[in-house]
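In order, the protein sequences belong to chains A and B. All you need for this note's numbering is the position in the first sequence, starting with 1, plus 137. All you need for this note's numbering is the position in the second sequence, starting with 1, plus 850.
Quick caveat, the hints were computed from the structure, so don't treat them as lab data. We put the beta carbon where it would ideally sit given N, CA and C, even for glycine. Possibly wrong hints are sitting among the right ones.
Said to hold, decoys possible - The list that follows gives simulated cross-link-like pairs (lysine to any residue, SDA-like), each with its CA atoms no further than 20 Å apart:
1. A/K177 x B/G1246
2. A/K158 x B/D1038
3. A/K177 x B/E1237
4. A/K155 x B/R1031
5. A/K155 x B/H1245
6. A/K186 x B/Y1244
7. B/K1032 x A/T220
8. A/K155 x B/A1278
9. A/K175 x B/R1031
10. A/K177 x B/E1238
11. A/K186 x B/S1243
12. A/K155 x B/Y1244
13. A/K197 x B/Y1244
14. A/K197 x B/N1251
15. A/K177 x B/S1276
16. A/K177 x B/H1245
17. A/K175 x B/T1273
18. A/K158 x B/T1037
19. A/K186 x B/G1246
20. B/K1032 x A/R149
21. A/K155 x B/A1045
22. A/K175 x B/A1278
23. A/K186 x B/H1245
24. B/K1032 x A/V196
25. A/K158 x B/G1033
Stated by the list, open to error - Residues from chain A shown here face chain B by an in silico Cβ test under 10 Å; the list is partial:
26. E148
27. T179
28. Q180
29. V182
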Amino acid sequence: MKKVEAIIRPERLTETIKSLKMIGVTGFTVSQSVGRGKQKDTQGVYRGKNYQVTLHPKVKMEIVLSDYLVEATIKAIIKSAQTGENGDGKIYVYPILEAYNIRTGTIDFDIDDLVDNEG
Amino acid sequence: MELIYLNTVWVVIAAVMVLFMEGGFSLLEAGFVRTKNAVNVTMKIFVDLTIGALAFWLIGFGIMFGRDAFGFIGTNLFGSADKIALSIELPSMAFVLFQMGFAVACVSIISGAVAERMSFKAYIVTAALICILIYPLSGHWIWNSEGWLAKLGMKDFAGSATIHAVGGCAAFAMAKLLGSRKGRFNTDGSVNVFAPSNIPLASAGAFILWFGWFGFNAGSTLDASSSNLSSIALNTMLAGASGGTMALLLTMKKFGKADPSMTINGILSGLVAITAGCAFVSQGSAIIIGAISGVIVIYATLFIDNVKVDDPVGAVAVHGFNGVFGTIAVGLFDSSEGLFTTGEFSLFLVQLLGAVVVIGWGLIGGAFIAKVCEKTVGFRATEREEEEGLDMSYHGIPAYNELERFADLPTSLFNFEETTGVTIKSSATKEKERKVV
Chain A
138 MKKVEAIIRP ERLTETIKSL KMIGVTGFTV SQSVGRGKQK DTQGVYRGKN
188 YQVTLHPKVK MEIVLSDYLV EATIKAIIKS AQTGENGDGK IYVYPILEAY
238 NIRTGTIDFD IDDLVDNEG
Chain B
851 MELIYLNTVW VVIAAVMVLF MEGGFSLLEA GFVRTKNAVN VTMKIFVDLT
901 IGALAFWLIG FGIMFGRDAF GFIGTNLFGS ADKIALSIEL PSMAFVLFQM
951 GFAVACVSII SGAVAERMSF KAYIVTAALI CILIYPLSGH WIWNSEGWLA
1001 KLGMKDFAGS ATIHAVGGCA AFAMAKLLGS RKGRFNTDGS VNVFAPSNIP
1051 LASAGAFILW FGWFGFNAGS TLDASSSNLS SIALNTMLAG ASGGTMALLL
1101 TMKKFGKADP SMTINGILSG LVAITAGCAF VSQGSAIIIG AISGVIVIYA
1151 TLFIDNVKVD DPVGAVAVHG FNGVFGTIAV GLFDSSEGLF TTGEFSLFLV
1201 QLLGAVVVIG WGLIGGAFIA KVCEKTVGFR ATEREEEEGL DMSYHGIPAY
1251 NELERFADLP TSLFNFEETT GVTIKSSATK EKERKVV
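With the sequences and hints as input, model every part of the structure.
See below:
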């Protein structure tokens, strides 16, 4: 079991969710976030003063998956979130020790049950 | 003699109420668009009030109210609007201010339909062209006593046709030529809803518009002693209320939820539709006109989505469709010569002709502006600007700092080397050191 954490451009989120759906990954957590890497600062102006927005708005996706889905998920994210310019984001993969299903209150050995059970 | 003082006070107050409606447009649009474009729509309203108002004073007023040529266009009063000779007891300056509010309102109608994707420079061109030519020319036909539609006997009391239908149709043409916002329509033709940023803000805009509308309609008497004044105000209230009622109930029935944005647009539709007839119809007719417009707005909104035109705030459904309906409704419900009230056909036909003319002129005008923008400053925002949001792209500032982008962090945090003189190891040196260890 792994957690894939992807930090992507907000405007690529719809595309990314679509391509994740296509490989059967339908459960994830999304949060708004800010951060910086190599992307150039955004130039702002306020009352005649220039200022730099040094932290760029991004979207963070957290997806917990069975091992066999990790590679396909990463490929799907890269394919749909990539623009080729600085600021496309990062993907991190973590091991997951345990996962619980709150509704049933049991340990979720088979994380695949969280996946592709929509409708 | 005393009447002129009273009229001055009334018309100046009505004029500033009409100008205050710009605040309503601004909040309404800011609430209906996405957060990343809220500053842009607000700035566009400022363009209306600044560049648009001056353009109308300088040229538009002359084209609309100047000495008539062929019933088609005005030819004097350029840059000297106050030289107009009025046959009523009112200083000409009050009249000019009042008309300026109308011209500015016409542009603001368009600003909503082209929101979130139009180049800001193109909008400046648009505001100027609407106030110089598009609005005043058809306004001349209908409101100048020598205009050809006015001579046919067309009735448009406060501007359902002159302002709303022209603005709404021009908005339709421009929104169509501009194309939809990125991601609005799926390949199979279905619509993606872009959730509005702030419904209470949009509602505040609607309240201000409703308030201003009393100046818009009742002020058009230009005469504080008119016995008609209170019935106009009451008709305005009733039509707005019945438009909102229909939209509210119909959305509950049709979609299972009372839809706030449709209710707002239903109210505005009732107000738009009664604008032409508020001085000519009975209270019962005002309620019927409002109710019909509340139904029209819902189906018009769905229709515009179906023909794949992207109208972020519903300006075409509200002002275009109901401006046209309001114009025709005068021919149906007018208490002295309406088709339903007296059985006379002639006024109805004139109103119908007038409606067709303003639809045609609005569409041509909108397409003309789009072409001018394309040839000069560019019409549409670039894909990058649209994705980033027009607020940062054109104005350098977000509407709400809701992400707290930490813009108050000192820049020195990020250009550490320049400000402190300390050299940071590059990743290559770090790599080398690691190998040595």
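Verification of the hints:
{"no.": "1", "hint": "A/K177 x B/G1246", "in the structure": "holds (15 Å)"}
{"no.": "2", "hint": "A/K158 x B/D1038", "in the structure": "holds (18 Å)"}
{"no.": "3", "hint": "A/K177 x B/E1237", "in the structure": "holds (16 Å)"}
{"no.": "4", "hint": "A/K155 x B/R1031", "in the structure": "holds (19 Å)"}
{"no.": "5", "hint": "A/K155 x B/H1245", "in the structure": "violated (32 Å)"}
{"no.": "6", "hint": "A/K186 x B/Y1244", "in the structure": "holds (15 Å)"}
{"no.": "7", "hint": "B/K1032 x A/T220", "in the structure": "holds (16 Å)"}
{"no.": "8", "hint": "A/K155 x B/A1278", "in the structure": "violated (38 Å)"}
{"no.": "9", "hint": "A/K175 x B/R1031", "in the structure": "violated (29 Å)"}
{"no.": "10", "hint": "A/K177 x B/E1238", "in the structure": "holds (13 Å)"}
{"no.": "11", "hint": "A/K186 x B/S1243", "in the structure": "holds (16 Å)"}
{"no.": "12", "hint": "A/K155 x B/Y1244", "in the structure": "violated (30 Å)"}
{"no.": "13", "hint": "A/K197 x B/Y1244", "in the structure": "violated (27 Å)"}
{"no.": "14", "hint": "A/K197 x B/N1251", "in the structure": "holds (19 Å)"}
{"no.": "15", "hint": "A/K177 x B/S1276", "in the structure": "holds (19 Å)"}
{"no.": "16", "hint": "A/K177 x B/H1245", "in the structure": "holds (18 Å)"}
{"no.": "17", "hint": "A/K175 x B/T1273", "in the structure": "holds (18 Å)"}
{"no.": "18", "hint": "A/K158 x B/T1037", "in the structure": "holds (17 Å)"}
{"no.": "19", "hint": "A/K186 x B/G1246", "in the structure": "holds (10 Å)"}
{"no.": "20", "hint": "B/K1032 x A/R149", "in the structure": "holds (12 Å)"}
{"no.": "21", "hint": "A/K155 x B/A1045", "in the structure": "holds (19 Å)"}
{"no.": "22", "hint": "A/K175 x B/A1278", "in the structure": "holds (16 Å)"}
{"no.": "23", "hint": "A/K186 x B/H1245", "in the structure": "holds (12 Å)"}
{"no.": "24", "hint": "B/K1032 x A/V196", "in the structure": "holds (19 Å)"}
{"no.": "25", "hint": "A/K158 x B/G1033", "in the structure": "holds (18 Å)"}
{"no.": "26", "hint": "E148", "in the structure": "holds (4 Å)"}
{"no.": "27", "hint": "T179", "in the structure": "holds (6 Å)"}
{"no.": "28", "hint": "Q180", "in the structure": "holds (7 Å)"}
{"no.": "29", "hint": "V182", "in the structure": "holds (3 Å)"}
In this structure, the hints that do not hold are numbers 5, 8, 9, 12, 13, in rising order.
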